[in-house]
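Number of protein chains: 2
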Amino acid sequence: MDISRSSGRWAVVVASGGLDSCVAATLAAREYRLAMLHARYGQRTSERELRAFHDISSDLKADRRLVIHLDYFSSIGGSSLTDDRMTIPVDGVKENIIPLTYVPFRNANLFAAATAWAEVIGAEKIYVGINQIDSSGYPDCTQEFLDAFNRLVRCGTRPDTQVQIVAPLISLSKQGIVRLGLDIGAPMDKSWSCYQRSDRACGICDSCRLRLDGFRANNAIDPIPYA
Amino acid sequence: MDISRSSGRWAVVVASGGLDSCVAATLAAREYRLAMLHARYGQRTSERELRAFHDISSDLKADRRLVIHLDYFSSIGGSSLTDDRMTIPVDGVKENIIPLTYVPFRNANLFAAATAWAEVIGAEKIYVGINQIDSSGYPDCTQEFLDAFNRLVRCGTRPDTQVQIVAPLISLSKQGIVRLGLDIGAPMDKSWSCYQRSDRACGICDSCRLRLDGFRANNAIDPIPYA
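Protein sequences appear in the order of chains A and B.
Under the working numbering, the first sequence has 104 at position 103, and the numbering climbs by one with no breaks.
Under the working numbering, the second sequence has 117 at position 116, and the numbering climbs by one with no breaks.
So here's chain A without its partners, still in its complex pose:
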């Protein structure tokens, strides 16, 4: 009854359109047919991120794309990414403090949707771009979280479902991610990371800072436009 199943080995890629998921998707594309998943959840730069998602998917010749709407994050609030009454922090990532940009339990929601899709199409892997080191301190970007999610997948899906979530960038720094992206020819020029702007990246939000530092540390130029 798996009406959507088809030939080939598949990986679902959870792709925001940002730098990390761009590199993760490029890794996945070396082994699997790609089923690219993007979630809109009321984030401020959602149109720009969606464009980046499609540009990256086209560049990597993805066979399938699914854009889902998690509108309830706007209703729920609690994050400066989805709530216009809150400001985007620009004062750098601090140790042991969870930033205002944290969207409550977001990755669990994304990964759960990805697992549902993976189960139906019979995907072997779900690639995600999370990384623990330069991840702004989000609790749902850790190895512990990933392990807990994989346990949940094993016991909460059909017995014959064999899908695993993999996070190949989990222990890389932003410098290491950019290095890897350069090495494997990831279409980083198509990616978008800025939390604030959609025309040119602001260059000052935490996400821009981490990205710019990653390119600088590789003596490379970030190919996207900055204000």
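Among the hints, erroneous ones may be present.
Identical chains share a label here; the pair holds if one copy fits it or two copies do between them.
[Stated by the list, open to error] In silico DMTMM-like pairs for lysine to aspartate or glutamate, Cα to Cα no more than 25 Å straight-line:
#1 126 <-> 60
#2 126 <-> 148
#3 191 <-> 48
#4 126 <-> 161
#5 126 <-> 56
#6 191 <-> 145
#7 126 <-> 48
By construction, these hints were calculated from the structure, which means they are not laboratory data.
Fit chain B to the known structure of chain A by using the hints.
Positioned in the frame of chain A, the structure of chain B alone reads:
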């Protein structure tokens, strides 16, 4: 910054509008202010379930309601509940076979949304109506799944978030659930369980059968209309 937080002890209740979540919500209402969560995911009887959700919420004087749309389950397919090309089984629940009505990883998606809401409003508990015994054999209705999800919540939310998912019906039979519902005055007349029809319950789908058997075993009359 928890802009939605307010006084009182809160529980989020994941409520389909069915019998089990009706009883679970009634239990929650004895201790907590209620934040009722309902998900629409393209199921055939979604309008009727939504009405049941609102009727139950009104009866229990819930302070908050949130209806979310998980439209992607229709796109993903793979279940007879969300795919009109598949038929609803009426031949009884079988041992060790996962029925066609299984919606892939649905409860993980629901519980993840509930956890996000709970984290923002500062709820102590998330009540869910899952039960392992008469649950049609769904893998995401087990104690093991629940334990795995609670581990995920502990490591994937803010350190100061203390929310726990509780499933007070997990080890009850349908007979036991109806007994409990009668004892605590759960508004079971407002609930809806049928997978197929919205005017009168069909009485023959697996969900109707389990429910009818539960009332019969208590020598009680199911108060909803049957065809």
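Cross-check of the supplied hints:
1. 126 <-> 60: For residue 126 and residue 60, the Cα distance is within 25 Å only inside one copy (20 Å; across copies 45 Å).
2. 126 <-> 148: both (14 Å within a copy, 23 Å between copies)
3. 191 <-> 48: within (14 Å within a copy, 41 Å between copies)
4. 126 <-> 161: within (14 Å within a copy, 32 Å between copies)
5. 126 <-> 56: within (22 Å within a copy, 42 Å between copies)
6. 191 <-> 145: Answer is neither; intra-copy 30 Å and inter-copy 42 Å both fail.
7. 126 <-> 48: Neither: 27 Å inside a copy, 35 Å across copies.
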